[in-house]
Amino acid sequence: MKKKYRIKKSDEIQQLMSKKNTVGNSYFVLYHQKNHDSENFRFAISVSKKYGKAFERNLMKRRIREVVKVNDFSDDSEFFIVAKIKSKELDFSGVKMNIEDLFKKANLLKERVK
Numbered sequence: 007m008k009k010k011y012r013i014k015k016s017d018e019i020q021q022l023m024s025k026k027n028t029v030g031n032s033y034f035v036l037y038h039q040k041n042h043d044s045e046n047f048r049f050a051i052s053v054s055k056k057y058g059k060a061f062e063r064n065l066m067k068r069r070i071r072e073v074v075k076v077n078d079f080s081d082d083s084e085f086f087i088v089a090k091i092k093s094k095e096l097d098f099s100g101v102k103m104n105i106e107d108l109f110k111k112a113n114l115l116k117e118r119v120k
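First residue of the sequence shown? That's 7 in the numbering used here, and the numbers climb one at a time after it.
Check before you lean on any hint, since a few could be wrong.
Under the rule of at most 20 Å between Cα atoms (straight-line distance), these lysine to aspartate or glutamate pairs were calculated in the EDC-like manner [claimed, not checked]:
id: 1; residue 1: Lys8; residue 2: Asp82
id: 2; residue 1: Lys40; residue 2: Glu62
id: 3; residue 1: Lys14; residue 2: Glu45
It is worth saying that the hints were derived from the structure and are not from the lab.
All chains, please: the whole structure from these sequences, using the hints.
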């Protein structure tokens, strides 16, 4: 993913979390909002140190980034994904299924034209 798609500043992440637009399940929490100022979607990922060692956290972040990469988002959306410790028991297909379910609940995906 290109850097223009990432939210890096902590104050932007705090502002996103303060909107309280959340959906979640037992594995992930998704904070989201519409931002009409940007020309493309933006996202951030967080995996706590309680999750495990660095290689485990990095593996989860790579899996989440891959799920984000294969989906088609509306251009005015911003979201922040937090992985819970319980998500450690998921393989890639489980991660993909759970996160895509959250995207659908949050209405972040583009409408498909038939």
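Hints, one by one, checked against the model:
Of the supplied pair hints, the one linking Lys8 and Asp82 holds, its CA atoms being roughly 17 Å apart against a limit of 20 Å. With a CA separation close to 31 Å, the supplied pair Lys40 and Glu62 exceeds the 20 Å bound. This hinted pair checks out: Lys14 and Glu45 have alpha carbons roughly 17 Å apart, not beyond 20 Å.
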